[in-house]
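Peer 1: These are the residues of each chain, in order.
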Amino acid sequence: MPPVERQSLRAVLAVAATAALALGPLALMGVTSAGRQWFWPDLLPQAWSPRAWAALAAPGAGIGGAFVRSAVVASLVSVAAVVIGFPAARALALHRFRGRGPLMLALLLPVLTPPIAAAMGLHTVFLWLGLTDTWMGVAIVHLVPAVPYATLMLAGSFARFDTDLEWQARTLGASPRTVWLRVTLPALAPGIAVAAAFAFVISWSQYLLTLFIGGGQVQTLPLLVVGFVRGGDDAVAAALSLVFIAPTLVIFGSVARFLRSY
Amino acid sequence: MSGDDAERARWRVRLMVAPALIVIVGLLGTGLVAALAQSLGLYGAGAGGTLTAEHYARVLADPEFRASLALTLWVATASTAISTALGVGLALALRRIVTGRRVMYALLQVPLGVPHLAIAAVFLTLLAPSGWLARVAHVAGLVAGPADVPALVYDRWGLGIILAYIAKEVPFLAVVATALLVRLDAGHDAVARTLGASPWQRLRLVTWPLIAPGVVSAALMVFAFVFAAFETPFLLGRPYPAMLAVVAQQRYLSLDLADRPAAVAFALIMTALSGLIVWAYQRGSAACAGDERPMVF
Amino acid sequence: MIHRTPWYAAALLATLAACESRAVPPPLAPAALAAAPWTEVERQARGTTVTMAMWAGDEARNRFFRDAVARTVEQQLGLALRIVPVADVADIVNKLLTERTAGARGSIDVLWVNGENFRTARQGDVLWGPFADALPNSRLYADDARATDFGTPTEGYEAPWEAAQFVFAYDTRRVSEPPRTLAALEDWMAHHPGRFTYPAIPDFTGSAFIRHVLFHQPGVGAQRFAGPFDEQVYATGSAGALAWLRRVRPSLWRRGETYPATPADLNRLFANGEVDFTMSYGPGFASERIARGEFPDTTRTFVLDEGTIANYSFLAIPFDAPNPGGAAVLINALLSPQHALDKLVALGGILPIAPDRLSASDRARYLAIPAAAATLSFEVLAAHRIPEADVHYLLQFERDWRREVLQQ
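Quick mapping for you: the protein sequence lines, in order, are chains E, C and L.
Everything in the first sequence is counted per this note's numbering, starting at 721 for the first residue and increasing by one.
Everything in the second sequence is counted per this note's numbering, starting at 299 for the first residue and increasing by one.
Everything in the third sequence is counted per this note's numbering, starting at 2 for the first residue and increasing by one.
Hints were generated in silico from the structure; no laboratory data involved.
There may be inaccurate statements among the hints.
Estimated spans, in silico, between C-beta atoms of each pair [as the list claims (entries may be wrong)]: (1) R399(C) / G785(E): 39 to 45 Å; (2) A368(C) / D145(L): 45 to 51 Å; (3) R454(C) / G744(E): 22 to 28 Å; (4) W455(C) / T299(L): 34 to 40 Å; (5) R181(L) / A368(C): 39 to 45 Å; (6) H193(L) / R454(C): 19 to 25 Å; (7) R247(L) / V401(C): 55 to 61 Å; (8) L763(E) / D188(L): 32 to 38 Å; (9) A777(E) / A307(C): 56 to 62 Å; (10) L763(E) / T299(L): 18 to 24 Å; (11) R247(L) / L729(E): 54 to 60 Å; (12) V434(C) / A244(L): 38 to 44 Å; (13) T182(L) / A777(E): 44 to 50 Å; (14) P219(L) / A359(C): 34 to 40 Å.
Per the computed footprint, the stretches of chain E lying under chain L, defined by three or more beta-carbons under 8 Å from a beta-carbon of chain L, are [to be verified]: (15) 768 to 778; (16) 846 to 852; (17) 930 to 939; (18) 951 to 963.
Yeah, the Cβ is synthetic: ideal placement off N, Cα and C, and Gly gets one too.
Sequences are here, hints too, so could you generate the full structure?
Peer 2: And the structure:
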């Protein structure tokens, strides 16, 4: 085979292999969710059935409620984490102050603390605050893992931000608000988008914190997924997994283009 | 800057970092202190009210703790090492590919958007002795029945857990490594080439030292993450010995409330070990890169 | 974009909050419940919300409660039923214990509980009551069902609700005649190594299986285990039982080096032909799974000749229930023959009320329910029923199993 064709063939095989590895698990979820009577040694189910998807959509299933709850909580956490992290990130990246080192360490604390230890400690604190078993409490506790990531990402953005631009706009007569809206935010927009996306996904995927602080009363998608996998209904678990994954894939896809440049 | 200006600037900074600190130190910090008090028997369910180290002693002497620690260290080390090697290798290979590179890179990022929990759930179907991979092996004539398939889930080496983490962390480390490689100054490599260095020498002596800090930093995040993880070992691991987070959770939810302080002590020992590993890395490395992009969730 | 999200969230928040508010139930003491006429209790509960914590691993069960049962109690009693799904009842008991120590608010009105969990709850004094005898429908249930739960006296703090009996399942295509005694099972395992296993302790089903081994040791028998914990009885039985379990371990699936963690895992092994038997406390579990396409159509169930353990699960009210009156009314409704028969039709299982205590029309309805192929009849199950033993036997044997069998 001539070299060029060999290279093309290699490229096709490489792409196919990557596609199989990256998309294979998703395809398997799809097949499992639609199959019926799928036993050894069949590679494909003997029969197909919409039972699992119908079960998800059924009003009594509680899936819709969990989806909305997860979405509301994750959206709030996403916004709050960016709002909280933004000034801290700016201070971290652009200001020299004495507590800078300890602040970095403090930011790493939620990242380094095992989620199970954090859940136990936060459980006690949230009992004191009377926020257990409430979805608001769950949203607040999700901030604990989300804020550090949002802050560190925004700090990275700020580190690449040239403050001279702001100074130049001020000297040209722009008010602080205009500088903010027309210079700072647009320059940082990709970083903000990525930080918000990560905070959303972090909250969306939380299991232990929601379980401990929500006390089982706040049903989010991760709790349901674990429940169905452990409960043995593989088809419903697979269908639910796809519903669980869809938003994170979409969100990740939309900010992926910022990951390399920012 | 005058003294007043400096003072105002200091207050401005404090105000800027205050919300983040309230969330982290106020909530988590207080929580950890409360947990410490619980584990020392000072407060909470099952506590005697007097300071005692007995719960820590109980955990450290427990054979289940030692077995669990060994398993967790093994799983975390294997997952991190293999993912780093494969991820960096993939990033390097991608550099040399021209056709299809964009498509492959895009495909590689898909697993980043899939939560670990979902991967663990589908890997149960994939890796079970009667799972999909085993059936492929059967069709290929490699195994006669599920009994011939080596155990990958609920097994003593946590192989299924390791594979589930590799599936997620290889793309992550490949993306991190690619981002680092893209920013490399091609000049270093060109100079090395004109001096007659072979591709392998260039990789070892020029490229790797430049991307190593970022890669090792990301690898450390992966290690800490897998070490402390719960969902994947919960779904794919066997009951005994389980990985640390699973054992800690089991004990916390024990119906005998007297077990609670020891369960909290268990989790805090985990935290100390996690911190120790990171501290050891910090001491061993010169600089901490300021633009790490931890993407684990 | 950043500005719009909070607006949507606020709107959703408001909607969610609006949906949750209903009549505030008046406070109620257990003595007042016993003293008041039942119609008055029902009247006061009308228009309130009752929150029930229920095991949620079964999607058909969830649907039945959220749809049919919720509609029925709304129409007939004016109660809004809210189900809180629970993975493990122990978690809720744990929560109650924590709430008692920390003084936090309660949020659950009705709790599905039995056995070890009930005993722990009573010890921690986290239940509201006594209330069971005040419920009109509780008289339909057998006295021995009401009086004790795994040997712990209920004292009216829980009401018997569902009957369960341990059954084994097998595939008639693979196994023509299943072993029906413990000795036959050991013999079968020796001839078919690697084709049998059971869920690891602390799983409830696995624990029940090893209790069968304990009760059916030759020279002891299940009758000796009825009654309060006896050290002597335990020592005799456990010696033989632990020896049996250690003996068969090499013949288990994967040579006993690992066990399925949950009944769901064991069911998967069974369905995929890795093992030839599975087991459950639910007599209708095989029929349910055949209907869902999870088990082959040729699956059938059987019980041991020596008998299998039968027990009741109960409904209780937490000490900090926001709506204890509504809880009592709901529990009474769930104890009714109407609900028991509805559930039997929808989910399978066995009737918790003896047929001769039913009214004539209810009995006729019961007899008209078609039998599922993979579910044993009431008569067969009743003929092979052995009661649960005192919970201390369970706790001690689980501990010994972990030490002697698992950690070897």
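Peer 1: Evaluate each hint against the coordinates.
Peer 2: Here's how the hints hold up against the structure:
no.: 1; hint: R399(C) / G785(E): 39 to 45 Å; in the structure: 44 Å, holds
no.: 2; hint: A368(C) / D145(L): 45 to 51 Å; in the structure: 49 Å, holds
no.: 3; hint: R454(C) / G744(E): 22 to 28 Å; in the structure: 27 Å, holds
no.: 4; hint: W455(C) / T299(L): 34 to 40 Å; in the structure: 36 Å, holds
no.: 5; hint: R181(L) / A368(C): 39 to 45 Å; in the structure: 43 Å, holds
no.: 6; hint: H193(L) / R454(C): 19 to 25 Å; in the structure: 24 Å, holds
no.: 7; hint: R247(L) / V401(C): 55 to 61 Å; in the structure: 57 Å, holds
no.: 8; hint: L763(E) / D188(L): 32 to 38 Å; in the structure: 36 Å, holds
no.: 9; hint: A777(E) / A307(C): 56 to 62 Å; in the structure: 57 Å, holds
no.: 10; hint: L763(E) / T299(L): 18 to 24 Å; in the structure: 22 Å, holds
no.: 11; hint: R247(L) / L729(E): 54 to 60 Å; in the structure: 58 Å, holds
no.: 12; hint: V434(C) / A244(L): 38 to 44 Å; in the structure: 42 Å, holds
no.: 13; hint: T182(L) / A777(E): 44 to 50 Å; in the structure: 47 Å, holds
no.: 14; hint: P219(L) / A359(C): 34 to 40 Å; in the structure: 39 Å, holds
no.: 15; hint: 768 to 778; in the structure: holds (count 4)
no.: 16; hint: 846 to 852; in the structure: holds (count 4)
no.: 17; hint: 930 to 939; in the structure: holds (count 4)
no.: 18; hint: 951 to 963; in the structure: holds (count 6)
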